[in-house]
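Place chain B on chain A using the hints.
These protein sequence lines are chains A and B, in that order.
Note that the UniProt record's numbering has the first sequence beginning at 1, numbered continuously upward.
Note that the UniProt record's numbering has the second sequence beginning at 1, numbered continuously upward.
If you're looking for bench data, these hints aren't it; they were derived computationally from the structure.
Incorrect hints may appear among the rest.
Here are the simulated DSS-like cross-link-like pairs (lysine-lysine), alpha carbons at most 30 Å apart as the crow flies [as the list claims (entries may be wrong)]:
1. A:147 / B:188
2. B:188 / A:144
3. B:101 / A:144
4. B:188 / A:183
5. B:148 / A:183
6. B:147 / A:229
7. B:63 / A:233
8. A:229 / B:183
9. B:23 / A:233
10. A:39 / B:23
11. A:229 / B:101
12. A:229 / B:233
13. B:233 / A:71
Given the structure is predicted, the values throughout are model-derived calculations rather than measurements.
There are 2 protein chains.
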Amino acid sequence: MGIIKVIGIGPGGKDDMTPRALKAIQEADTVAGYNTYIKLINYLLDGKNVIGTGMMQEIDRCKMALAEAVKGHNVAVVSSGDSGVYGMAGLILELLLKMPKEERPQVQIVAGLSAVNAAAAVLGAPLMHDFAIISLSDLLTPWKLIKKRADLAAQGDFVIGLYNPKSHKRVHHIEEIREIMLKHKDPKTPVGIVNNASRENETMVISDLENFTKEDINMFSMVIIGNSKTFAKDGFMVTPRGYEV
Amino acid sequence: MGIIKVIGIGPGGKDDMTPRALKAIQEADTVAGYNTYIKLINYLLDGKNVIGTGMMQEIDRCKMALAEAVKGHNVAVVSSGDSGVYGMAGLILELLLKMPKEERPQVQIVAGLSAVNAAAAVLGAPLMHDFAIISLSDLLTPWKLIKKRADLAAQGDFVIGLYNPKSHKRVHHIEEIREIMLKHKDPKTPVGIVNNASRENETMVISDLENFTKEDINMFSMVIIGNSKTFAKDGFMVTPRGYEV
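Bound-form chain A, shown alone:
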């Protein structure tokens, strides 16, 4: 029986990948993941068997990765950011736990630097207080539930990080979220947008709740909406922890 490791590679560059993740990929003989992520770690894949996106979709790819581990291979399933946050850790475990116990390969989850943490560092320190993370992708979650969560998080004055804020097909969701936020948060609340955090072509802008949807927001964006104490100054977005300074 082999082993399968579900690895968060962080934002993508070598400098942000933990040594534990690097070692796990180096030791694997088989690597599975979206082609986009596979490309980011191409320099590590010489001589390895690669199971990419071109070949099949998420569930099938995870099943194939598990099958390779059952055959005795050392398999790395890679996600960008943290494999445990909207990544592949859950799906691999769901599939694994459906197998009879005696047929399961060993499994290990290797956390990575999450996209929201990388984006926050680019903006300054917006996540310094209680925060909520919401994905606006309604492929697997009812839009009504996503809106409800956004509303409750805004009521609670959480800092709010939005994953998957916009895609080619999904352009109006972010406007609806903005309107929900405006019911509870000041229009001047700082909103940070980071595209390609800690990657090539990284950009960032600090706007406010009233205006942020006019900025370039896409599939590679992270949007962070402040709480009532968050301020923007000289290119930094900061949520005070509460110290008297």
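Same frame as chain A, now just chain B:
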């Protein structure tokens, strides 16, 4: 004018620290941080000027670190986990932005693997869907606001990560939070507790909302409460992303 970097070292071990964080510490001539964190990176501190806890409290320590950067030093301020999540990034930026622009040293925030991500990897994949992070420390935040946030997050069926769930002085807060959760969440909702995630003496247990406060919870614990879909099986805690498997 020098430079100050506010660095998340991750859970503490070499294997979880990003190369970017490592390099930033190696390049610094002055390192500031809690003695607990300083000890974790002792092997990196030979020949460096160290500003530890013994000498002064958070605000004074950050002011001293900034003063060293102003004098021309290369200063590293270290936090465990991510420096941007209940870490020192906010305080350093708050103090820096109060200085006249022309007197400010360069500043850079270096994100690290956050405690909740490290703990989630130990438990399996509990953070696979929308989640809220709440600190139960009421030193800098009114307890009433913390309870309000917990209530709203539970209403929204968020997965909930609790930082600072308990301390010597603060033993009843976690019971109050449990009661708030029980208003909205099933008593059988899985709750994972990880002590010393990805450190020496790491322990983990998966309990449920009804019973979890009977477990060993302390200052080094991370508590993760599932959403309505989270399940526990064979030692793993998993929140499904929503794929039909």
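Hints and how they fare:
1. A:147 / B:188: Given that 30 Å is the threshold and the Cα spacing comes to 26 Å, the pair holds.
2. B:188 / A:144: 25 Å, holds
3. B:101 / A:144: 46 Å, violated
4. B:188 / A:183: Violated, because 34 Å separates the two Cα atoms, which is more than 30 Å.
5. B:148 / A:183: Holds, because 18 Å separates the two Cα atoms, which is no more than 30 Å.
6. B:147 / A:229: Judged against 30 Å, a Cα distance of about 18 Å means the pair holds.
7. B:63 / A:233: Status holds; Cα separation ~19 Å.
8. A:229 / B:183: 29 Å, holds
9. B:23 / A:233: 28 Å, holds
10. A:39 / B:23: Roughly 25 Å separates the two Cα atoms, so the pair holds.
11. A:229 / B:101: Since the Cα atoms of residue 229 of chain A and residue 101 of chain B sit roughly 22 Å apart, the hinted pair holds (cutoff 30 Å).
12. A:229 / B:233: Roughly 41 Å between the alpha carbons, so the hint for residue 229 of chain A and residue 233 of chain B is violated.
13. B:233 / A:71: Given pair residue 233 of chain B, residue 71 of chain A holds - Cα atoms ~24 Å apart, limit 30 Å.
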